[in-house]
Every structure is written in structure tokens, then in C-alpha cells.
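S.K.: Take a look at the letters that make up each chain.
Number of protein chains: 2
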Amino acid sequence: MIENVVLIGAGNLATQLAQALNEKGIRVKQVYSRKIESAKQLADKVNAPFTNNLSQLIADADIYIIAVKDSAIQEILENLNLNEDRLIVHTAGSVPMSILDGFTNCYGVFYPLQTFSKSRKVDFSDIPICIEANHPSTTMKLEKLGERLSSSVNQINSEERKSLHLAAVFVNNFVNHFYSIGAEILHDKKLDFELLKPLIRETAEKINALHPLEAQTGPAKRNDQSIINAQLKMLHDKPEYQKIYSFVTESIFQLQQKHSHDLL
Amino acid sequence: MIENVVLIGAGNLATQLAQALNEKGIRVKQVYSRKIESAKQLADKVNAPFTNNLSQLIADADIYIIAVKDSAIQEILENLNLNEDRLIVHTAGSVPMSILDGFTNCYGVFYPLQTFSKSRKVDFSDIPICIEANHPSTTMKLEKLGERLSSSVNQINSEERKSLHLAAVFVNNFVNHFYSIGAEILHDKKLDFELLKPLIRETAEKINALHPLEAQTGPAKRNDQSIINAQLKMLHDKPEYQKIYSFVTESIFQLQQKHSHDLL
Numbered sequence: 001m002i003e004n005v006v007l008i009g010a011g012n013l014a015t016q017l018a019q020a021l022n023e024k025g026i027r028v029k030q031v032y033s034r035k036i037e038s039a040k041q042l043a044d045k046v047n048a049p050f051t052n053n054l055s056q057l058i059a060d061a062d063i064y065i066i067a068v069k070d071s072a073i074q075e076i077l078e079n080l081n082l083n084e085d086r087l088i089v090h091t092a093g094s095v096p097m098s099i100l101d102g103f104t105n106c107y108g109v110f111y112p113l114q115t116f117s118k119s120r121k122v123d124f125s126d127i128p129i130c131i132e133a134n135h136p137s138t139t140m141k142l143e144k145l146g147e148r149l150s151s152s153v154n155q156i157n158s159e160e161r162k163s164l165h166l167a168a169v170f171v172n173n174f175v176n177h178f179y180s181i182g183a184e185i186l187h188d189k190k191l192d193f194e195l196l197k198p199l200i201r202e203t204a205e206k207i208n209a210l211h212p213l214e215a216q217t218g219p220a221k222r223n224d225q226s227i228i229n230a231q232l233k234m235l236h237d238k239p240e241y242q243k244i245y246s247f248v249t250e251s252i253f254q255l256q257q258k259h260s261h262d263l264l
Numbered sequence: 001m002i003e004n005v006v007l008i009g010a011g012n013l014a015t016q017l018a019q020a021l022n023e024k025g026i027r028v029k030q031v032y033s034r035k036i037e038s039a040k041q042l043a044d045k046v047n048a049p050f051t052n053n054l055s056q057l058i059a060d061a062d063i064y065i066i067a068v069k070d071s072a073i074q075e076i077l078e079n080l081n082l083n084e085d086r087l088i089v090h091t092a093g094s095v096p097m098s099i100l101d102g103f104t105n106c107y108g109v110f111y112p113l114q115t116f117s118k119s120r121k122v123d124f125s126d127i128p129i130c131i132e133a134n135h136p137s138t139t140m141k142l143e144k145l146g147e148r149l150s151s152s153v154n155q156i157n158s159e160e161r162k163s164l165h166l167a168a169v170f171v172n173n174f175v176n177h178f179y180s181i182g183a184e185i186l187h188d189k190k191l192d193f194e195l196l197k198p199l200i201r202e203t204a205e206k207i208n209a210l211h212p213l214e215a216q217t218g219p220a221k222r223n224d225q226s227i228i229n230a231q232l233k234m235l236h237d238k239p240e241y242q243k244i245y246s247f248v249t250e251s252i253f254q255l256q257q258k259h260s261h262d263l264l
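Top to bottom, those sequences are chains A and B.
Be aware that the first sequence starts at 1, since it is given in the working numbering, and climbs by one per residue.
Be aware that the second sequence starts at 1, since it is given in the working numbering, and climbs by one per residue.
Simulated from the structure, these hints should not be mistaken for laboratory data.
Hints are not guaranteed to be accurate.
Intra- or inter-copy, both count: the list cannot distinguish identical chains.
To be verified - Once the Cα atoms are required to be at most 20 Å apart in a straight line, the calculated SDA-like pairs of lysine to any residue come out as:
#1 121 x 208
#2 69 x 36
#3 24 x 147
#4 24 x 123
#5 162 x 23
Computed from a predicted model, the values in this text were never measured in an experiment.
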């Protein structure tokens with residue numbers, strides 16, 4: 001049973017995860033970050049000690065959660081000096097579990113499929129927690145830990161997790177970028193971004209009732225070349241947005257054609 | 001005061017608008033559609049007579065709302081045979097108000113900024129209604145009509161409306177397409193699309209608290225070439241998604257750079 005945790009990392013995910021665990025009664029025993037101020041900032045939120053020195057990690061935590069950027073995981077592992085029976089997990093979508101092999105006997109992945117920012121608190125209760133472990137007993141431990149936080153705990157292997165992460169980049173990072181582009185287009189005309197918010201909300205909610213292929217509307221779907229060309233022209237001083245507009249429009253049309261032939 | 005309406009068109013927008021007006025006590029006097037079955041289908045929902053013959057339009061409605069695809073508006077106008085004091089509006093984002101000039105003395109635009117499907121009922125109460133008219137008294141009439149439906153009625157001219165529509169294409173049509181791509185990536189691995197829904201929801205909600213430029217996360221923002229390359233490789237059999245991935249990734253990075261230099 002996991003009752004306490006050492007958080008390695010103090011970024012967006014670490015910040016939200018530490019707080020969520022703390023609220024569910026899982027004690028954060030220590031926070032590590034390369035930057036001492038970041039470590040302190042998070043540690044203060046969960047009343048924990050902190051360090052920026054990996055050799056000073058507390059030795060007997062129930063789990064060590066590595067929540068740093070992907071490219072830093074390897075170096076962290078090489079500098080950890082823990083007993084070989086310590087449970088270590090990482091939280092990265094695109095990093096295989098096997099990166100942990102050889103550093104401990106008990107390891108796994110604890111990947112909450114969500115977007116995190118330091119300043120925005122998130123409710124973990126419906127966040128899919130994707131777990132993987134090198135041994136069934138560890139799987140069970142991670143499952144129980146996940147269930148403390150969320151009603152959606154899923155066994156997902158490293159290959160599947162990579163696909164989830166790729167899909168997440170499209171539906172989160174790329175979608176959010178289009179919100180930025182929308183905001184920029186309005187800003188250029190001194191129009192209020194608030195005007196787009198009901199549309200953004202409905203677009204996201206609609207897919208609870210309709211598959212996105214069915215929910216699609218607009219000039220690309222109708223292949224309305226007159227609007228498509230007019231809108232491309234409006235983007236003449238933003239060639240990078242023009243390119244995106246063209247490719248996404250073409251892709252929508254292709255997918256809708258394929259959908260109406262193959263899937264309906 | 002507008003108490004009744006003739007709906008010209010029976011597509012997604014016409015269907016939702018007719019029902020919303022009807023519920024607010026504005027009587028739908030008639031529904032026209034080129035296809036008689038479509039006219040009947042909508043007319044039945046609002047207990048109205050219907051026709052597929054423009055010469056049989058009821059002559060004395062308070063307003064005629066043209067809600068057909070953009071490319072059909074001109075032809076509708078040329079075949080309308082109404083008194084020159086009849087109030088006619090269209091509902092199109094990208095069509096200037098001036099298309100109505102010469103067909104009547106009272107005209108305008110009534111553009112609800114939202115995505116509509118026939119089968120999904122929408123709540124109009126917070127939908128921005130964008131109005132424009134050729135005369136202040138008509139503006140006022142449209143404003144009052146808008147206020148029956150929504151708390152957000154906005155005077156927006158034709159140029160501004162075009163920008164709103166362009167932004168809407170990004171935050172709705174293009175965003176929805178990325179939901180489709182996400183669903184496809186998961187489907188290929190037999191993963192449940194449900195796993196993405198909390199992320200989609202949070203991505204949309206997050207911008208109520210953070211500007212999308214601040215809300216951005218992920219490999220493109222961090223310029224994490226190792227994940228970017230790995231994800232591009234995963235899309236090797238979908239070259240059109242690969243192209244989109246590259247351009248959007250590049251665009252996110254550029255915008256985040258610009259943002260951190262210029263705007264912060």
C-alpha cells in the first residue's frame with residue numbers, strides 16, 4: 001500500500017500531482033527539483049521538505065515519482081542512489097517503461113492523461129490514469145494509488161501510451177494553438193476573444209453526443225471553395241497560418257469523403 | 001417589434017434557430033426549403049406550414065431569415081417576390097450585408113456565432129448574436145430579436161464578421177478535425193476515444209482562466225525535438241497528418257517565442 005511519495009520534479013505535472021496526492025492523504029515526504037526555488041515552491045504547497053540534491057533523497061519512501069521533462073529522466077535515474085527494491089515510476093507519455101530497467105527491481109509508469117499548468121488546479125477525479133508496471137504486484141499497487149485519485153485507472157502499455165500521447169498532442173496542444181490563432185485574428189480587429197468562448201465550449205461538448213466525424217461542419221466539409229479562397233486571402237500576411245489553413249482544410253475534406261464512403 | 005418569422009432554409013442553423021425562436025414565442029409562420037422533405041421536417045418541429053416554392057412565400061411576415069449555404073443566397077434573393085418594405089436578413093458569417101442591397105429597403109444580418117447540427121439542440125442563451133442592419137431602426141429591431149434569444153447581442157459589421165468567421169473556422173472546424181484525428185489514432189490501436197474526453201474538456205475550459213498563449217504546453221512549446229521526431233515517425237503512413245503535425249508544431253514554437261519576447 002502506497003502511503004507516501006517522493007516527488008522528483010516540480011513542474012506543471014509534479015505540482016498538480018503532488019497537491020492531488022496530498023489532498024487524498026498520501027503524504028509527500030520530499031520534493032526534489034534541480035532548481036531549489038522550484039522545489040521550495042512546490043514543497044511549501046504540500047508541507048514537505050525539499051532538496052536540489054539527488055544524493056539527499058529520503059531513502060524509504062513508498063514510491064518515487066519522476067515527473068521531469070522526458071529528456072531529463074535518464075540523467076535522474078543515473079544519479080539516483082536508492083535501494084534496489086524501491087518503487088520508481090515515471091509519468092511521461094512517450095517514454096517507454098523500459099528506461100527504468102536496471103535501476104530498480106520495482107518500476108512502472110503512472111501517466112495522467114491531462115494538460116497541467118502550475119497555476120490552474122485540476123480535478124483528478126475523472127482524469128484517465130494510465131499505469132504500467134514490470135510486475136503484477138506493482139501493477140496492483142499503482143492501480144490502488146490511481147484509484148485514490150481517479151475513477152478512471154487504465155492498464156496501458158508503452159506502445160499504447162505513445163499513441164495516447166500523440167493523440168493528446170493533437171487534441172490538446174494543437175487545439176490550444178488554434179485557440180491562440182483565433183484570439184490573434186480577433187485581436188487584430190480589436191474584437192473580444194470572449195465572443196469565441198461559447199463556440200469553443202460547444203465544440204468540445206458536442207463530441208459527447210456526436211462522433212467528431214459527424215459533428216464536423218463548415219466550409220471545408222462543404223468544400224465551399226469561394227469561402228475557402230476568401231479566408232486564405234484574409235491570411236495573406238500570415239503565410240504560416242495560410243499553410244495550416246490549406247492543409248487542414250484539405251485534410252477535413254478528404255476525411256469527410258472517406259468517412260461518407262467507408263464508414264456510413 | 002418582430003413577432004413572427006419566415007425561415008428560408010432548413011439546414012443545421014435554420015433548424016436550431018427556428019426551434020429557439022419558436023420556444024421564445026416568436027412564431028415561425030412558414031418554412032421554405034428547396035427540398036420539400038427538408039422543409040416539412042423542420043416545419044413539423046415548429047408547427048408551421050412549409051413550401052419549396054419561393055413564389056408561395058407568405059407576404060406579411062415580420063422578418064424573412066435566409067439561412068441557406070452562402071452560395072445559394074444570391075439565387076434566393078433573385079427569386080424572392082416580396083414587398084420592398086419587408087425585412088430580410090441573412091445569417092452568414094462571410095457574406096457581406098451588401099448582398100441584400102437592392103432587394104428590399106430593410107435588411108441586415110443576424111449571425112449566431114455557434115456550430116449547429118440538426119440533431120443536437122443548442123442553448124442560445126449565451127451564443128453571441130452578431131447583428132448588422134442598413135438602418136438604425138432595423139438595427140434596433142434585430143437587437144430586440146437577438147435579446148429574446150441571448151444575453152450576448154453584438155453590433156458587428158461585415159468586415160468584422162468575416163474575421164469572426166475565420167477565427168471560428170480555426171477554433172471550431174479545425175479543432176473538431178483534430179478531435180477526429182485523435183479518435184483515429186486511438187481507433188488504430190483499439191484504444192477508447194473516451195480516454196481523450198477529459199483532456200478535450202479541460203483544454204476548452206482552461207482558456208477561461210488562462211489566455212491560450214499561457215495555457216500552451218507540450219513538446220512543440222518546449223521544442224522537444226526527440227518527441228517531435230518520434231511522433232512524426234509514428235505518422236509515417238499518414239503523410240497528410242505528418243504535414244499538419246510539422247506545420248502546427250513549427251507555428252506553436254514560433255508563436256511561443258514571439259509571445260515570450262513581445263508580449264510578456
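S.K.: Which earlier hints can't be squared with this structure?
M.R.: Checked against the structure, the only hint that fails is number 5, while the rest are satisfied.
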